[in-house]
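> The primary structure of each chain is shown beneath.
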Amino acid sequence: GAGVSQSPSNKVTEKGKDVELRCDPISGHTALYWYRQSLGQGLEFLIYFQGNSAPDKSGLPSDRFSAERTGGSVSTLTIQRTQQEDSAVYLCASSLARRGGITGELFFGEGSRLTVL
Amino acid sequence: KQEVTQIPAALSVPEGENLVLNCSFTDSAIYNLQWFRQDPGKGLTSLLLIQSSQREQTSGRLNASLDKSSGRSTLYIAASQPGDSATYLCAVSPLRGSNYKLTFGKGTLLTVNP
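Protein sequences appear in the order of chains G and A.
In this text, residue positions in the first sequence follow the working numbering: the first is 1, and each later residue adds one.
In this text, residue positions in the second sequence follow the working numbering: the first is 1, and each later residue adds one.
Just chain G, same shape as in the assembly (with noise of 0.2 Å):
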């Protein structure tokens, strides 16, 4: 697609029910992101994803959270067992990558908005 692509813009659910967020990169981006912004906050890394390696999920605030990447190309945040806490705006983002990580420009979509009662 041209841009980047998230599902659902928003998401009510109730604390304790399970919810996930999908993620549409860029056609040929090889590197993915998912970014929390929270009310107040700034961005917190939550997870990378580049080609083939293993992801680094260093950022996932709690073993509640997991996140995929099939055939390198579209994500899904999971998280599990919901929280008032988790509220917030997922955000997904693409870049193309070079050899060694080093990455280039981001492109964000517009964000997966959970609000957990």
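Hints were generated in silico from the structure; no laboratory data involved.
Where is the CB? At the ideal position from N, CA and C, for every residue including glycine.
Errors might be hidden in some of the hints.
[What the hints assert, rightly or not] Calculated lysine-lysine pairs in the DSSO-like style (CA-CA distance at most 30 Å, straight line):
hint : chain 1 : residue 1 : chain 2 : residue 2
1    : G       : LYS57     : A       : LYS68
2    : G       : LYS57     : A       : LYS1
3    : G       : LYS57     : A       : LYS42
4    : G       : LYS17     : A       : LYS68
5    : G       : LYS57     : G       : LYS11
6    : A       : LYS1      : A       : LYS68
7    : A       : LYS68     : G       : LYS15
8    : A       : LYS101    : A       : LYS42
9    : A       : LYS42     : A       : LYS1
[Said to hold, decoys possible] If you want a taste of the chain G side facing chain A, the calculated C-beta under 8 Å gives, among others:
hint : residue
10   : ALA31
11   : TYR33
12   : GLY42
13   : LEU43
14   : PHE45
15   : TYR48
16   : ASP56
17   : PHE65
18   : GLU85
19   : LEU106
20   : PHE107
21   : GLY109
22   : GLU110
23   : GLY111
[Claimed, not checked] Just so you have them, the derived chain G footprint on chain A, three or more residues with Cβ under 8 Å:
hint : stretch
24   : 13-19
25   : 66-72
26   : 103-109
Given the coordinates of chain G, assemble chain A onto it according to the supplied hints.
Just chain A, lined up with the frame of chain G:
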């Protein structure tokens, strides 16, 4: 740990004014610095990317400068327009280690009044 600070947190100017947004970072070992724009309820749009070896980048009415040694970057907006109203974020990429882990500032909310 890298920290990125943006001052001011909010800025309101009349249309047509030239303005400067500031970004400072504590660790000068950066690979690059990016400026983004975020409209309410939207994602981030990349404006300018400056490599650590560069001093500035220009795009239209926007000019971003980088002084790596002092840990500062500025975004200059010429002849501001109401359509420039948005939150402006800067982010730095570390030189060593995982350079894909950007550290973001909290942004400057710009309002340009007609």
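> Take the hints in turn and mark each one as holding or not.
The hints, checked one at a time:
Only pairs whose Cα atoms come within 30 Å are accepted, and G/LYS57 paired with A/LYS68 is accepted, the gap being roughly 29 Å. Our distance criterion of 30 Å between C-alpha atoms is met by G/LYS57 and A/LYS1, whose separation comes to about 18 Å. Under the criterion of a C-alpha separation no larger than 30 Å, the hint pairing G/LYS57 with A/LYS42 is consistent with the structure, at around 25 Å. For a cut-off of 30 Å, the pair hint linking G/LYS17 to A/LYS68 is broken: about 46 Å separates their Cα positions.
The straight-line distance between the Cα atoms of G/LYS57 and G/LYS11 is roughly 23 Å, inside the 30 Å bound, and the hint therefore holds. With a C-alpha separation of about 16 Å, the suggested pairing of A/LYS1 with A/LYS68 holds against the 30 Å cut-off. Our distance criterion of 30 Å between C-alpha atoms is broken by A/LYS68 and G/LYS15, whose separation comes to about 45 Å. Distance check on the hinted pair: A/LYS101 and A/LYS42 sit about 21 Å apart at the alpha-carbon level, within 30 Å; holds.
Between A/LYS42 and A/LYS1, the direct Cα distance comes to roughly 28 Å. Compliance with the 30 Å bound is thereby established for this hinted pair. For G/ALA31, the suggested interface contact is upheld, since its CB lies about 7 Å from the closest CB of chain A, less than 8 Å. Because the smallest distance between the Cβ of G/TYR33 and any Cβ of chain A comes to about 7 Å, under 8 Å, the interface hint for this residue holds. For G/GLY42, the suggested interface contact is upheld, since its CB lies about 4 Å from the closest CB of chain A, less than 8 Å.
Among the interface hints, the one on G/LEU43 holds; its C-beta lies about 4 Å from the nearest C-beta in chain A, closer than the 8 Å criterion. Because the beta carbon of G/PHE45 sits about 5 Å from the nearest beta carbon in chain A, less than 8 Å, this interface hint is met. A distance limit of 8 Å between C-beta atoms decides the matter here; for G/TYR48 the minimum to chain A is near 5 Å, and the interface restraint holds. Annotation: G/ASP56 was flagged as interfacial toward chain A, and the flag holds, the nearest CB pair being 6 Å apart, inside 8 Å.
Interface restraint check for G/PHE65: the shortest CB-CB distance to chain A comes to about 16 Å, outside 8 Å, so the restraint is violated. About 19 Å separates the beta-carbon of G/GLU85 from the nearest beta-carbon of chain A, more than 8 Å, and the hint is not met. The interface hint given for G/LEU106 is met, as the beta carbon of that residue sits about 6 Å from the closest beta carbon of chain A, less than 8 Å. Hint status for G/PHE107: holds, given a least beta-carbon distance of 6 Å to chain A, under 8 Å.
The restraint placing G/GLY109 at the interface with chain A holds, with a minimum CB-CB distance near 5 Å, inside the 8 Å limit. Annotation: interface hint on G/GLU110 holds; nearest CB of chain A at approximately 4 Å, less than 8 Å. Among the interface hints, the one on G/GLY111 holds; its C-beta lies about 5 Å from the nearest C-beta in chain A, closer than the 8 Å criterion. For the stretch 13-19 of chain A, the stated coverage by chain G is not satisfied: 0 residues place a CB nearer than 8 Å to a CB of that chain, which falls below the threshold of 3.
Coverage of the stretch 66-72 of chain A by chain G is violated in this model, with 0 residues showing a Cβ closer than 8 Å to a Cβ of that chain against a need of three. Remark: the stretch 103-109 of chain A is confirmed as covered by chain G, as 5 of its residues place a Cβ nearer than 8 Å to a Cβ of that chain, reaching the required three.
When the structure is compared with the earlier hints, violations turn up for hints 4, 7, 17, 18, 24 and 25 and for no others.
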